[in-house]
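Let the hints inform the model, and build the full structure from the sequences given.
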Amino acid sequence: MRARNYFIGAAFALLAGGMAHSAVAQEIKIGEINSYSLLPAFTEPYRKGWQLAVEEINAAGGINGKKLVVVSKDDGGKPADAQTAANELVSSEGVAMLTGTFLSNIGLAVSDFANQKKVFFLAAEPLTDAVTWSKGNKYTFRLRPSNYMQAAMLVEAASKLPAKRWATIAPNYEYGQSAVAVFKKLMSEKRPDIQWVDEQWPPQGKIDAGPVVQAVAAANPEAILNVTFGPDLVKLVREGNTRGVFKGREVVSFLTGEPEYLDPLKDETPEGWIVTGYPWYSIKTPEHDAFLKAYQAKYNDYPRLGSIVGYQTIKSAAAIIAKAGSTDTDKMIAAAEGISMPSPFGEITFRKIDHQSTLGAYVGKTAQKDGKGVMVDAVYKKGSDYLPSDAEVEKLRPKD
Amino acid sequence: MAFYVVQFLTGLASAASLFLVASGLSIIFGVTRIVNFAHGAFYMIGAYIAFTLTERFSGAFGFWGGVVVAALAVALIGVLVEMVLLRRIYHAPELFQLLGTFGLTLMVEDLVVLIWGPDDLVGRRAPGFKGAVDFFGQNIPSYDLFLIVLSPVVLGILWLLFQRTRWGVLVRAATQDRDMVAALGVNQKWLFTSVFAVGVFLAALGGALQIPRDAVHHAMDLRIIVEVFVVVVIGGLGSIVGAFVAAVLVSELNAFGILIFPKISIILVFLVMAAVLIVRPWGLFGKPEAAARKTPGLTVNPWRPLTSNERLAALAALVVAATLPLFAGNYALTVGSEIAIFVIFAVSLHFLMSVGGLASFGHAAYFGLGAYGVAFLAKMAGLPMIVCLLLGPLLGCMGAAVFGFFAVQLSGVYFAMLTLAFAQIVWSIAFQWVSVTGGDNGILGVWPEKWAASPSHFYWLALGVAALVTIALRVMVFSPFGYALRATRDSLLRTEAVGINAKRIQWTAFVIAGTTAGIGGALFAYLKGSVFPDNLGISLSVDALVMVLLGGVETVSGGVIGAIVYKALNIWLVSQTDLSKLVLGGFIVLIVVVFPKGIVGMLEMLAQRRRKASPPGSPLIAKPIESAE
Numbered sequence: 000m001r002a003r004n005y006f007i008g009a010a011f012a013l014l015a016g017g018m019a020h021s022a023v024a025q026e027i028k029i030g031e032i033n034s035y036s037l038l039p040a041f042t043e044p045y046r047k048g049w050q051l052a053v054e055e056i057n058a059a060g061g062i063n064g065k066k067l068v069v070v071s072k073d074d075g076g077k078p079a080d081a082q083t084a085a086n087e088l089v090s091s092e093g094v095a096m097l098t099g100t101f102l103s104n105i106g107l108a109v110s111d112f113a114n115q116k117k118v119f120f121l122a123a124e125p126l127t128d129a130v131t132w133s134k135g136n137k138y139t140f141r142l143r144p145s146n147y148m149q150a151a152m153l154v155e156a157a158s159k160l161p162a163k164r165w166a167t168i169a170p171n172y173e174y175g176q177s178a179v180a181v182f183k184k185l186m187s188e189k190r191p192d193i194q195w196v197d198e199q200w201p202p203q204g205k206i207d208a209g210p211v212v213q214a215v216a217a218a219n220p221e222a223i224l225n226v227t228f229g230p231d232l233v234k235l236v237r238e239g240n241t242r243g244v245f246k247g248r249e250v251v252s253f254l255t256g257e258p259e260y261l262d263p264l265k266d267e268t269p270e271g272w273i274v275t276g277y278p279w280y281s282i283k284t285p286e287h288d289a290f291l292k293a294y295q296a297k298y299n300d301y302p303r304l305g306s307i308v309g310y311q312t313i314k315s316a317a318a319i320i321a322k323a324g325s326t327d328t329d330k331m332i333a334a335a336e337g338i339s340m341p342s343p344f345g346e347i348t349f350r351k352i353d354h355q356s357t358l359g360a361y362v363g364k365t366a367q368k369d370g371k372g373v374m375v376d377a378v379y380k381k382g383s384d385y386l387p388s389d390a391e392v393e394k395l396r397p398k399d
Numbered sequence: 000m001a002f003y004v005v006q007f008l009t010g011l012a013s014a015a016s017l018f019l020v021a022s023g024l025s026i027i028f029g030v031t032r033i034v035n036f037a038h039g040a041f042y043m044i045g046a047y048i049a050f051t052l053t054e055r056f057s058g059a060f061g062f063w064g065g066v067v068v069a070a071l072a073v074a075l076i077g078v079l080v081e082m083v084l085l086r087r088i089y090h091a092p093e094l095f096q097l098l099g100t101f102g103l104t105l106m107v108e109d110l111v112v113l114i115w116g117p118d119d120l121v122g123r124r125a126p127g128f129k130g131a132v133d134f135f136g137q138n139i140p141s142y143d144l145f146l147i148v149l150s151p152v153v154l155g156i157l158w159l160l161f162q163r164t165r166w167g168v169l170v171r172a173a174t175q176d177r178d179m180v181a182a183l184g185v186n187q188k189w190l191f192t193s194v195f196a197v198g199v200f201l202a203a204l205g206g207a208l209q210i211p212r213d214a215v216h217h218a219m220d221l222r223i224i225v226e227v228f229v230v231v232v233i234g235g236l237g238s239i240v241g242a243f244v245a246a247v248l249v250s251e252l253n254a255f256g257i258l259i260f261p262k263i264s265i266i267l268v269f270l271v272m273a274a275v276l277i278v279r280p281w282g283l284f285g286k287p288e289a290a291a292r293k294t295p296g297l298t299v300n301p302w303r304p305l306t307s308n309e310r311l312a313a314l315a316a317l318v319v320a321a322t323l324p325l326f327a328g329n330y331a332l333t334v335g336s337e338i339a340i341f342v343i344f345a346v347s348l349h350f351l352m353s354v355g356g357l358a359s360f361g362h363a364a365y366f367g368l369g370a371y372g373v374a375f376l377a378k379m380a381g382l383p384m385i386v387c388l389l390l391g392p393l394l395g396c397m398g399a400a401v402f403g404f405f406a407v408q409l410s411g412v413y414f415a416m417l418t419l420a421f422a423q424i425v426w427s428i429a430f431q432w433v434s435v436t437g438g439d440n441g442i443l444g445v446w447p448e449k450w451a452a453s454p455s456h457f458y459w460l461a462l463g464v465a466a467l468v469t470i471a472l473r474v475m476v477f478s479p480f481g482y483a484l485r486a487t488r489d490s491l492l493r494t495e496a497v498g499i500n501a502k503r504i505q506w507t508a509f510v511i512a513g514t515t516a517g518i519g520g521a522l523f524a525y526l527k528g529s530v531f532p533d534n535l536g537i538s539l540s541v542d543a544l545v546m547v548l549l550g551g552v553e554t555v556s557g558g559v560i561g562a563i564v565y566k567a568l569n570i571w572l573v574s575q576t577d578l579s580k581l582v583l584g585g586f587i588v589l590i591v592v593v594f595p596k597g598i599v600g601m602l603e604m605l606a607q608r609r610r611k612a613s614p615p616g617s618p619l620i621a622k623p624i625e626s627a628e
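Protein chains in written order, with numbering that gives the first Met the number 0: chain A, 0 to 399; chain B, 0 to 628.
Simulated from the structure, these hints should not be mistaken for lab results. In this text, all values refer to a predicted model and were calculated from it rather than measured experimentally. Just to be clear, a hint being listed does not mean it is correct.
To be verified - Only some residues are given here: those of chain A computed to face chain B with a beta carbon under 10 Å: (1) Asn114; (2) Ala217; (3) Gly229; (4) Arg237; (5) Ile282; (6) Glu286; (7) His287; (8) Ile332; (9) Ala334.
Heads up, the beta-carbon is just placed ideally off N, CA and C, and yes, glycines get one too.
Spelled out as structure tokens, the structure:
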């Protein structure tokens with residue numbers, strides 16, 4: 000009796016194993032890494048976004064008839080742990096490509112890993128220009144508009160302001176530093192008459208907002224560039240509002256229009272800041288409507304920018320694999336260079352020259368509506384219009 | 000002029016929130032000697048609960064009532080934690096409580112996201128303190144003025160509590176000499192519980208009062224905990240006035256420092272602490288610690304070298320580990336290499352902590368310096384891998400030599416905090432000096448050469464080095480130098496009385512530990528192919544501490560086991576579950592309760608018991624041990 004049970008069990012195991020095996024052959028696995036535990040405010044909507052994409056892709060018959068599976072890992076916000084995760088995904092899970100990452104240094108670490116191990120990497124969120132330029136490599140592509148592109152979009156609006164005395168507040172790490180550097184450079188090119196009167200570099204996540212705001216006010220600028228976000232932004236805005244520092248001053252601010260950062264401000268939302276962001280409530284295009292409807296139907300929640308990034312990352316990955324017709328790395332790279340595809344923001348292209356996608360961003364002004372922060376007068380800026388000339392890019396990027 | 004006055008007042012307001020939290024920590028440490036890593040977590044829970052209450056109950060009564068109720072509720076949680084967890088481990092080795100409170104902190108970080116969701120929460124402004132007061136054309140938020148008034152009031156209340164009540168007298172007595180207080184028949188249990196409750200109440204109050212200024216989010220705890228520790232140490236442990244003065248000093252230096260050096264905030268508190276500790280080894284208002292009355296043999300089981308059977312067993316384990324590439328895949332091998340590297344790291348700290356009795360809170364500095372050493376040599380000088388591996392750790396060695404010289408002048412927690420300050424200074428240099436270190440984007444492309452590139456080769460390399468390092472340190476433990484070092488740990492006075500230059504011995508140990516950590520870092524750079532300031536960061540230092548404590552401080556091989564268990568578990572959990580911090584934290588808390596001597600310590604105790612149970616035994620040795628217990 001016992002032996003027989005054993006035998007049946009073994010038979011089942013064999014059968015299950017065989018089925019699992021055949022299932023593997025019909026699957027395409029994509030690896031995904033992000034800072035889920037460190038930055039849940041961004042990564043939770045992001046996760047929902049890519050899960051929606053996976054569902055849509057598989058409902059439509061998968062990629063070239065194969066089911067898409069995304070294996071997701073947390074990097075805890077540490078580059079070293081991200082590499083451990085990348086290694087697990089590649090060596091142990093056998094994924095076709097890596098995607099994801101939020102922080103710039105993690106994006107760079109995974110990109111370097113991809114370059115070393117010859118794996119395709121689609122960076123979702125890291126903004127640093129280094130990912131596609133100074134430390135760019137053959138294997139790495141990036142979805143989100145880079146620091147440079149967002150700065151260029153903001154400069155376009157900012158240079159039209161009459162203000163001549165500018166001060167900057169930015170978190171003291173690479174993102175803040177390079178955002179300020181690019182903004183200053185582009186701004187000074189367009190407006191040589193501008194003076195930079197003060198700069199503040201609070202540590203990321205640890206701003207002592209009162210003294211910072213007060214110090215900026217003391218320099219008496221006519222306009223302020225802000226690069227802080229998240230809890231730092233909240234503190235900055237609150238102190239600034241109470242102390243009246245933003246009154247009568249123009250403020251230009253990176254990322255502040257993204258629901259992740261704008262929504263917590265509620266009735267403290269400052270009026271009239273020029274920001275980049277994602278006004279999901281006022282975008283009226285068929286592509287976005289379709290996305291919004293699907294997202295709200297699935298989650299009963301509104302999308303954040305992270306949702307768009309997550310959604311489009313996996314959609315892009317699928318489009319690249321579908322075009323390549325294979326999960327061979329070189330074929331995927333060849334397919335990805337110059338590929339165009341639809342996105343909730345309209346058509347985007349992954350450029351051959353630097354592997355940057357032309358996904359853009361919305362630029363508009365902040366306002367309050369019923370005690371909530373919103374973006375008004377928002378205009379979509381295509382990424383392709385805010386990149387330097389090909390000749391310049393050639394100079395910025397090392398030869399493969 | 001008005002600007003400077005306003006900036007000064009703004010600094011005072013910042014100091015107020017720092018002081019509330021710091022005073023609680025100072026009281027707790029002073030009496031219970033617990034390094035309460037969870038203090039930041041209590042601060043954060045205070046803010047979260049106050050957020051919920053103030054959102055539900057509006058109006059002045061709702062707001063202030065909500066703040067106070069939140070603080071009381073968290074104090075209650077604190078009492079529970081003290082009674083259920085900490086009471087069990089007061090007699091564990093020094094710093095072991097750090098491990099328990101660290102586990103709690105991990106759990107809380109995941110729990111608040113589970114309960115309150117991932118979004119940043121922005122609470123109400125305080126009723127009656129919404130606007131600003133005009134001061135010669137400069138605005139001062141009225142809430143700042145409220146905080147400025149509040150903190151001396153709290154200071155006053157605490158002073159009265161400590162100077163004018165019987166409870167305060169007992170607390171002060173316990174701060175000075177808790178053994179004596181116990182000997183006089185005071186019920187320590189309730190004294191400790193009440194002190195812990197007061198401390199936690201202050202932390203939660205500090206958190207709740209942040210609602211009108213800050214966003215409530217799941218990383219609030221880490222943002223404040225280190226700074227608060229620094230403030231407490233600058234002020235002098237156990238001194239409330241000291242904490243107040245230190246909070247004001249740090250906040251004012253920051254408020255005015257950023258006018259001249261806008262990037263100073265990132266490192267300021269650590270610079271101040273290093274300067275204060277070098278000049279005043281016990282902080283501004285601290286008193287020299289009374290010599291602890293330890294039982295002469297710190298370890299109940301005297302250390303001994305491995306017997307030949309145990310040596311064979313260790314060798315067998317090593318051989319088994321070396322066969323891993325025969326059946327494991329590339330991922331397992333890379334994880335194996337990482338674990339081997341962390342064994343090196345943990346063993347180096349273990350040498351300093353267990354043998355030397357010097358707990359470093361900044362050991363990652365030397366690990367990271369080793370990694371940066373390799374990165375510089377490989378990327379800038381273009382040296383071959385072997386040379387880089389041999390020379391890279393020298394940077395760790397040099398760092399340890401310089402910082403160790405100052406650090407060993409201190410002892411106990413002051414030593415630990417000075418090492419932390421040095422580590423943060425090194426970290427901020429790596430972070431800020433973008434042109435050389437690449438800043439937080441790090442140095443990329445430090446990959447091993449062909450002969451070591453395959454995961455199995457690298458694994459053998461890491462395993463071999465780890466084995467060599469472990470053996471070398473073990474040999475040292477049982478060498479005359481090791482005995483001298485243990486002597487300085489067990490009784491500094493007697494050591495010096497017999498003519499040993501204790502400081503020089505400790506310094507040497509520090510350099511050895513730093514260099515060893517550097518070896519680990521050098522390998523780590525090649526394993527990951529890149530170096531980031533993270534490699535020098537606080538969280539890595541804490542990881543090392545946790546590994547050593549988990550393995551068992553009072554043992555010889557605790558570091559090895561602790562590193563393997565912690566690292567393997569960590570990697571596995573992060574890969575398997577979204578709630579890795581909750582599970583890992585829970586596991587650590589469980590270990591703390593079940594194995595109060597660490598894993599190896601517990602195993603040794605069990606072995607000892609079994610030996611005792613078996614008839615022959617050696618009653619001569621067993622007896623004095625029992626009386627020592």
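Does the CB of A/Gly229 sit less than 10 Å away from some CB of chain B? Where the cut-off is 10 Å and the nearest Cβ of chain B is about 6 Å from A/Gly229, the hint holds.
Given A/Ile282 as an interface hint, is the shortest Cβ-Cβ distance to chain B below 10 Å? 21 Å, violated
Is the interface hint for A/His287 satisfied, with its Cβ closer than 10 Å to some Cβ of chain B? Nearest chain B Cβ about 22 Å off; hint violated.
Interface hint status, A/Ala217 versus chain B (Cβ within 10 Å): At 5 Å from the nearest chain B Cβ, A/Ala217 passes the 10 Å test, so the hint holds.
Take the shortest C-beta to C-beta distance between A/Asn114 and chain B; is it under 10 Å? 8 Å, holds
Answer holds if the nearest beta-carbon of chain B is closer than 10 Å to that of A/Arg237; otherwise answer violated. 6 Å, holds
Measuring from the C-beta of A/Ile332 to each C-beta in chain B, is the shortest one below 10 Å? Violated. Min distance 19 Å.
Does the CB of A/Glu286 sit less than 10 Å away from some CB of chain B? 27 Å, violated
Are A/Ala334 and chain B close enough, Cβ to Cβ, to be under 10 Å, as the hint says? 26 Å, violated
Violated hints, listed in ascending order, are 5, 6, 7, 8 and 9; each of the other numbered hints is respected by the structure.
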